[in-house]
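J.: Based on the sequences and whatever the hints tell you, model everything.
Heads up: the protein sequence lines correspond to chains A, B, C and D, in order. Quick note: the first sequence, position 358, residue 358 per this note's numbering, numbers continuous. Quick note: the second sequence, position 53, residue 53 per this note's numbering, numbers continuous. Quick note: the third sequence, position 118, residue 118 per this note's numbering, numbers continuous. Quick note: the fourth sequence, position 172, residue 172 per this note's numbering, numbers continuous.
In short, the hints are calculated from the structure, not lab data. Using N, Cα and C, we set each Cβ at its ideal position, and we do this for glycine too. A couple of the hints might just be wrong.
Stretch-level coverage of chain B by chain D, calculated; a stretch enters the list once three of its residues show a Cβ under 8 Å from a Cβ in chain D [unchecked claim]:
1. 13 to 23
2. 27 to 35
3. 188 to 198
4. 258 to 267
5. 284 to 291
6. 349 to 356
Listed below are the residues making up each chain.
Number of protein chains: 4
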Amino acid sequence: MILDKSLIDQHNEDKHASHQRRFQALAAVLSDENQHVDALLDKIAAFQVAIPSWALGTGGTRFGRFAGGGEPRSLEEKIEDVGLLHTLNQSSGAISLHIPWDIPQNPGDIKRLAASFDLKFDAVNSNTFQDQELQNFSYKYGSLSHTDRHVRDQAITHNIEVIRHGIDLGSKALTIWLSDGTDFPGQQNFRRSFERTLDSFQQIYAELPDDWKLFVEYKPYEPHFYSTVISDWGTSLLFCQKLGQKALGLVDLGHHLPNTNIEQIVSRFLMEGKLGGFHFNDSKYGDDDLTVGSIRPYQLFLIFNELVEGMSSPELSNPALSWMIDASHNVKDPLEDLLQSVEAIKTAYAQALLVDRKALEKAQEENDTVLAQEILQHAYKTDVRPLLAQSRLQSGAALHPLAFYRETKVREELVRHRGAKAFATGL
Amino acid sequence: MILDKSLIDQHNEDKHASHQRRFQALAAVLSDENQHVDALLDKIAAFQVAIPSWALGTGGTRFGRFAGGGEPRSLEEKIEDVGLLHTLNQSSGAISLHIPWDIPQNPGDIKRLAASFDLKFDAVNSNTFQDQELQNFSYKYGSLSHTDRHVRDQAITHNIEVIRHGIDLGSKALTIWLSDGTDFPGQQNFRRSFERTLDSFQQIYAELPDDWKLFVEYKPYEPHFYSTVISDWGTSLLFCQKLGQKALGLVDLGHHLPNTNIEQIVSRFLMEGKLGGFHFNDSKYGDDDLTVGSIRPYQLFLIFNELVEGMSSPELSNPALSWMIDASHNVKDPLEDLLQSVEAIKTAYAQALLVDRKALEKAQEENDTVLAQEILQHAYKTDVRPLLAQSRLQSGAALHPLAFYRETKVREELVRHRGAKAFATGL
Amino acid sequence: MILDKSLIDQHNEDKHASHQRRFQALAAVLSDENQHVDALLDKIAAFQVAIPSWALGTGGTRFGRFAGGGEPRSLEEKIEDVGLLHTLNQSSGAISLHIPWDIPQNPGDIKRLAASFDLKFDAVNSNTFQDQELQNFSYKYGSLSHTDRHVRDQAITHNIEVIRHGIDLGSKALTIWLSDGTDFPGQQNFRRSFERTLDSFQQIYAELPDDWKLFVEYKPYEPHFYSTVISDWGTSLLFCQKLGQKALGLVDLGHHLPNTNIEQIVSRFLMEGKLGGFHFNDSKYGDDDLTVGSIRPYQLFLIFNELVEGMSSPELSNPALSWMIDASHNVKDPLEDLLQSVEAIKTAYAQALLVDRKALEKAQEENDTVLAQEILQHAYKTDVRPLLAQSRLQSGAALHPLAFYRETKVREELVRHRGAKAFATGL
Amino acid sequence: MILDKSLIDQHNEDKHASHQRRFQALAAVLSDENQHVDALLDKIAAFQVAIPSWALGTGGTRFGRFAGGGEPRSLEEKIEDVGLLHTLNQSSGAISLHIPWDIPQNPGDIKRLAASFDLKFDAVNSNTFQDQELQNFSYKYGSLSHTDRHVRDQAITHNIEVIRHGIDLGSKALTIWLSDGTDFPGQQNFRRSFERTLDSFQQIYAELPDDWKLFVEYKPYEPHFYSTVISDWGTSLLFCQKLGQKALGLVDLGHHLPNTNIEQIVSRFLMEGKLGGFHFNDSKYGDDDLTVGSIRPYQLFLIFNELVEGMSSPELSNPALSWMIDASHNVKDPLEDLLQSVEAIKTAYAQALLVDRKALEKAQEENDTVLAQEILQHAYKTDVRPLLAQSRLQSGAALHPLAFYRETKVREELVRHRGAKAFATGL
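T.: Structure, rendered in C-alpha cells:
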C-alpha cells in the first residue's frame, strides 16, 4: 500500500492555520530565550529512528497473543509498512531486520524496494533464542555460551550468515541480543559461560567488515530467570573491551533492574567511547516493551539530555549512534504505536536540545541544585509539539501523522489487502 | 504408564540402612528437644499438594518454548502423570484442572481413573486470558471487567461451566486468576473496571454450590504491564469482603512486587479468615514460576511459619487451605521439577512444625529479637530430609523419589509410549 | 521576617509584558479546545498545599546532615517561614505541626500569628518514632503496637494530647504515621501486633471530635527493615474499616515498593470513600523525600488525573482531601525546595484539569488505547506555567516566586536574623 | 573486660556430651560422602572475619537511635569488645578502624592491646560522608568528586592520613566507600564527577605502600538519592582498571538494586582478578544493614559457592580476600548481633565447602539442571552447626558463644563498667 502524498498535502493544508498560530507563539518564546529555531528544526528533521521488522505485527506474552488484522506477511510488506510510517512522519527512514525471519531472497529487489520508500537498512539482528525447524542443535541450554562446541559453532555460523545478509543490503552493524542464561543456581559456571561466549564473539567479530559495528546488548533476565550471560552494562563493557574497537554497548531501556539510573549508564558508555545505540521502549515493571514515552517520559528526556551533552562534547569521541525502537504492541495497532513512539523519542530529543548547557554547567560548577533542576525542567516543560510539527511540515510529512493515519483509514486498507487474519512473521 | 510398586520396595530396601542411620540420629536429636517424632511424621504424611494439569508439560516464554518429550497428550495422560508422582512421593494426591483444556468427556471414567491412582480433584481453574477458536468475543481488552456486556457474559458463562465440570468430578473450589488489566495509563477507568468485575464475580458466585469456595487470585502485572484489576492482596480482600463467605484470597508466591513481605500478607488474610490457598513456585525477578524453594527457601519457611501458627491458633477460624503448585518448567523435566517442588514445600512445612512456639511467643513478648531469630533459624537449619524420607517410607512411597525416577528411566518410558514430540495441551 | 508586598508588585510589573504574551498565547489555545480559562484559574488559585513544620530546616540521613543557615528556631519562626512561602505563591496557606516539637505555649498568640499570614492549621502529627528526654518508656520496640501495655498507654496519651493541641489551634485532623515494625523475622507476631495497634487506635479514635478525621498512613519499611505494622494500603484500609467513618487512608508518595501503581491505589481508596489525603514528595529508590515532581512528574500527573476524576464524580462521596508536602531537603535551601514542590503539585493539578474527560471516557468505553493515551498526554504536554503564573498574579503572589526569593535575598536576610548556625527543631 | 577462659572450658564441658553425639553423627554422614572432616575443620577454623569499629554500638536511622548500654567509649574499649568476640568464637581475629573516630593516639600501645587479644588490623576506612568540626570545607556536595579543588584536596589529604594510621598499626588496605553523589537530575555532570574522582583516587593510590590494596566500594544510592559516583560493580571495575593492580572492588551485600544477582558479580570480579573483599550484612529492601544471614541465607550460600569455587580454581589469580562485617544493630545487642553474623558467614562457608565440585561440573557440562540444584541444595541443607561447634571447640572457643555470652552476663558486666548511657563513638 502506497500513500497518496496529495492526501498529506490536503491534511497539512487543513491544519495549517491552527498549526501556524501555535508554532509562531512557540518560536517567539524560543527566540526570546536565544534559541536558534531553524537550527533546531534542522536537527529534529535529521533525527531518524529505525523500525525493527518484528514490531510491525501484534505482540504477545507467554499467556497468548491477540492478533490484529492486515499485518505484513512478508519482508516486502514489512518494508512497505515502514515506508508508510516514513511517509507519514519522515522520521523512520530505516528498517532493522531479524534473521531468519527476514532473509532477503533477492537482495537487489529488496534494496530497490526500500530505496523507493527512502529507507536504509539499519543493524541486522541474529536470533538464537528460539529453535527453528530443521536446526541441528537446540538452543534450550544456550547458544554462543553453550557447553557443547557443536551448538556454539551452529550459533556462530548463524551470526556470520546474518552479517552476510546485512552486507548484501547495505547494513553496517550486527546487533546481538544473547538470551543465553540460566534459570537456577548452579546450572552453569558463570565464568566459563562468559569465556565460552567471548570465544564465540571473537569468531563472529573476526568476520565483521572493517566499517561495521557489533552491538552487544545486555539484559538482566527473561527468557531466563536466574542469570543471563550479558546481564548488565558492566558485562557488556567487559565484552566490548576484550573484543575491540568495533564492539559497542547497546542499551535497551527495558533491560534494567528496578530503579536503575539508566542515564548514568549512558554517560558511562559515552565516556568510554563504547556506546553503540539504543533500543527504545518504555516499561513499568520489567521488559514490558511498551510505547516509548508512555510511562516515564521524564526519564527519556534525561537520557536524551546525556546524549545531547555527550554527542556535542569535544572531549568525547564516541562513534555515531544507532537509534532503534524495540517494542511489543499487544493491545495497540502496531503502526499507531510506532507513530506514538517515534513522536515520543523526537519530543525528548527536541526538549534536550533546548537545555541551556552553559547555564547548566555553571549551576553544576556552583552546586546550585535548585537552579540545575529549573534549567532541565524549563526545557522539559516546554511544549515542543509545534516544533516537531513544523519540522514534519518542512519535510513533507503529515502535521498530525496519527490523525492522518486514522482519517485515511490506513489500517482498514491494509486489512482489505492482506486479510483480517494476516499475521506478521518473526518473533 | 503405571509404576511397578515392587520396584519401589526394592529401591527402599537398598537405601534402607543408610536412611535408618540418618533418621535415627535426627530422631534422637528431635526427641532431645521434646519433639514428638511420630506426630511430626503423621502431619508430614497428611500434607498433600495438588498438581495443576498445565504443569505436566514444558513451559515457555514469549520468546519460545523448548519442549521435552513424552508429555501427556490428554486429560487421561495428565492424570497418569500425577498418579505417577503420587506413587513416588505419596504427597501429590490431587490434580487441579484447567478448562477448556481439560474438559472431561466422560466424568465418570475420569473419576474412576483418578481414584485408581488415589487422586482427588482440587480446585478447577477457568481461563479467560486467551482466546479460543470458535469463541464469539475476544478477551483482548478484558473478560470479567470488559466494557462490553457481551464479553463479560461470555466470560461469566465460561466460569459457570467450569463450576459444572468441577461438580462432575468432585472439586470443591473454583480458582479465578483474572488476567484483566491495562497496558497504558488512561486505558481504563480503574473504578469502573473494579465495579464491572465485581458484578461479574457476583453472578459467578451465585452459581457456586454451598460447600464450594471461590479463590480470588491477585497479581500486579503480566500479561498486562500497567495495571491489573486484581493487583494486590488488598484488592483481592475487597472483592472477597463484597462477595461473601465463600470468597477467599489465593496467594501465588510469584505475584508480588519486589521485596514484598509475603508472610505478612499471609498473616493478614488468616487474621481476616480470608485465606483460601496457595500457588507455590519461586522467583527472583517477577512471576518466574521456578521450582519451589530454588531461589528463596528461607522465605518459604517463613510463610509456612505463619501458616502453622495460624492454622493452630484457637483465635482464628480460617477455613482449611488448598495447596497447589503453579510453576513453569522451561529447562527441567516437568516431573522432576514437580518432585523437587513438592519436596521443598514439605521441607518448609516440616521445619515450621519444629518451631518452638511457646519459646517464640515468650521471646516476642519480651522483645528478645536475637532469641526469636535463634528459635526460627534453629528449626530452619535442621536437616529434615530424613524425616520426610521416613514419612515416605511409612506411606509406601520411594525413599528418594527423584533418584528412583531416574534409575527406573520413567521419562524414557514415557517418551517411548507417547513419542518424543508429544506436547502437553494447556496454557 | 515579613516580605514587603510592594517588592512583589514591582517584580510582577517587571515581568508583566513577557508573562502576558505567554499567557495570552496559551489562553487562546485553551479556548480553542473549549477550556474555560477563568474557571481553570479559579480552581488553581483555590488549591492550597499545607507545609509541614519539619520541612523548614535541612534534612539529613543516618550518615549525617549538612545544615544550612537561617533555619527557624521556634514555632513562631516556622510559621513565619510558611507565611513567607504563602506570600510568595498564595498556595501554601496552611501549616501542619509536629508534636512534641511544635507545642504551642500560648495557642491564642500562635493562632493570631498564623492568621496574620493568612495561614490555617492543617492536620497535626504525633510522633512515637523517637524517644524524647524524660519519657518513661522507650519506643525502641514499638509504641501503639508494643507488647507492653504501659508503652502503648504512653503512646495513646501522647496522641490524645496532640489532638488537644490541634483543637486549640483549629486543626481538624490527626495524622498518624506509625513507624512501628520489626527488623527480623520472628521478632513479632504479625497478627497480635495488628490487634494491639487496633486497640490503641480505637482509644485514640474515641477522643476525636466529631468534625475531625484520623489519617492512617502506611509505609512498607524504614525505620524498620523487615516489616511494619501498617505496611500497605490494604492494611491501612483494614484499620479504617474497623475504626469507623472518621478514619481515612493517607498516601505518602514515597511509601511504596518498587514499581507500585500508586494512582490505582488512589482510585481504590476513593472508591471506598476512604481517602484522607496526601504527603507529596518524589523518589527514585525508597522514601527518598525529594522535591515533588523532580523524578517522576508523569506519575504525579496520573495521580492527579485520578483525583480530579474522583473528586468530580457524582458516584463518589469521599470527604474533602488534605494536601501536604512531606519532603526532606538535604542539599537544597528548604524554602526553595518547597517553592519548587508546590509549583510541581499545582502543575500536575492544572494538567489534570485539562484532561478531556468525556473524550477519555468514550475512548475507554471503546478500548481505544491509543486515543486514551493521546488524550492524557495532550493535557500533560501542555505547558501550563503561564496559567499558574496568571493565577498567582491574580492572587497577589509573585509571577516567579523562586526568582523573586533569590532577587530579594530572602535566605541571606534570614541568616542575618537567625544566624548561620540556626537549626530547625523537629525530626 | 576480659573473659575468664576457664568459664569457657566449663561451658564446653557441660555441653560436651550433647555436642559429641551430634558431631559424630554428622561426621559419619560426611565421611560416607567422602568429605575429609579434618580438612573441613581446619578450613573453618582458619576463616576469620574482621569486625568494624563502628559496629560495636547501637545503630540508628534518620528517624532516631535507641541506644543500649555498655557501649565502648574509646578505641581501647572497641578493641576490648572485638577481643571479647574473638575469645568467644575464635573467628573474629581482626578489627577494621574508621578514621577520624578511631585515630590511635599511641599506635604502639594500641597494637600491643590488640595483640593481647590476638587481633590484627584489617583495612582502615576513611570518612568523607560527614563533616567534622574544625574542618575547612564541607562535603555537602561531595568530597573526592567535588567541583571545588580545595574540597577534593582536603578529602585526598584525609585519605592519605588514614593510610598513615593504617601503616602505624599494620593494616594492609584502605577501604573507600565514597558517598559522593547527587539527589536531583542535572545536579552534576556524571562524566566530570567520574573524572574528578579518578584524579583524586590516583593521588591517593600514589601514596599506597607496595604491599597495600585499595578497596573501591560501590553503592547505588543513599545518602544520595538520584545518583552516586561509584554506583555499581561496573563503575567500581572501571576505576580499578584505570588505577592499577592494587585497586580492587569491594562488595557490600546491601549495596545493590532489587533482585540483583550478586553471586554473578562476585564471579565477574574474580574472573578479572579484581575482587578485594566483602562487607557482609543482610537486607530486604535497601542497605538495611541487618544481621548476616537473617533474611536471605541461601543467597549468602550461593555467594560463598562462587568464592570457594573461585579461590580454588587454578585458572584464577585473584589476590587473597578481606572479609568484613558491615551491619547496623538498631534493635539488637551489638555483640550478640555480631556473634550471629559471624556464625552465619561461617555456616555459608562450611556449606559451600561441602559442594561436590566434580559432580557439579559434570552436571553443568551436561546441562543437568535438576542435578545441579540437587548438588547445591544437598550441601545447603546439611546442618553444619556441629561442624562449626567442633571447630570452635578445637580452637578453644565456646561451643555456643551466644549462650555463653548470655549465661555469663557479659552485657550486664559491660554496663556496670561503662555505664548504661555509654554510647559508641563513630558513625
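J.: Now, for every hint given, state plainly whether the structure supports it.
T.: Structure-based check of each hint:
1. Against chain D, the stretch 13 to 23 of chain B contributes 3 residues with a C-beta closer than 8 Å to a partner C-beta. That satisfies the three-residue criterion, and the hint holds.
2. Check result for the stretch 27 to 35 of chain B against chain D: holds, 3 residues qualifying (beta carbon to beta carbon below 8 Å, three or more required).
3. Beta-carbon proximity to chain D at under 8 Å applies to 0 residues in the stretch 188 to 198 of chain B; the threshold of 3 is not reached and the given coverage is violated.
4. Under a criterion of three residues with beta carbons nearer than 8 Å to beta carbons of chain D, the stated coverage of the stretch 258 to 267 of chain B is upheld, 3 such residues being counted.
5. Check result for the stretch 284 to 291 of chain B against chain D: holds, 3 residues qualifying (beta carbon to beta carbon below 8 Å, three or more required).
6. For the stretch 349 to 356 of chain B, the stated coverage by chain D is violated: 0 residues have a C-beta nearer than 8 Å to a C-beta of that chain, whereas at least 3 were required.
In terms of the numbered hints stated before, the structure departs from hints 3 and 6, listed from lowest to highest.
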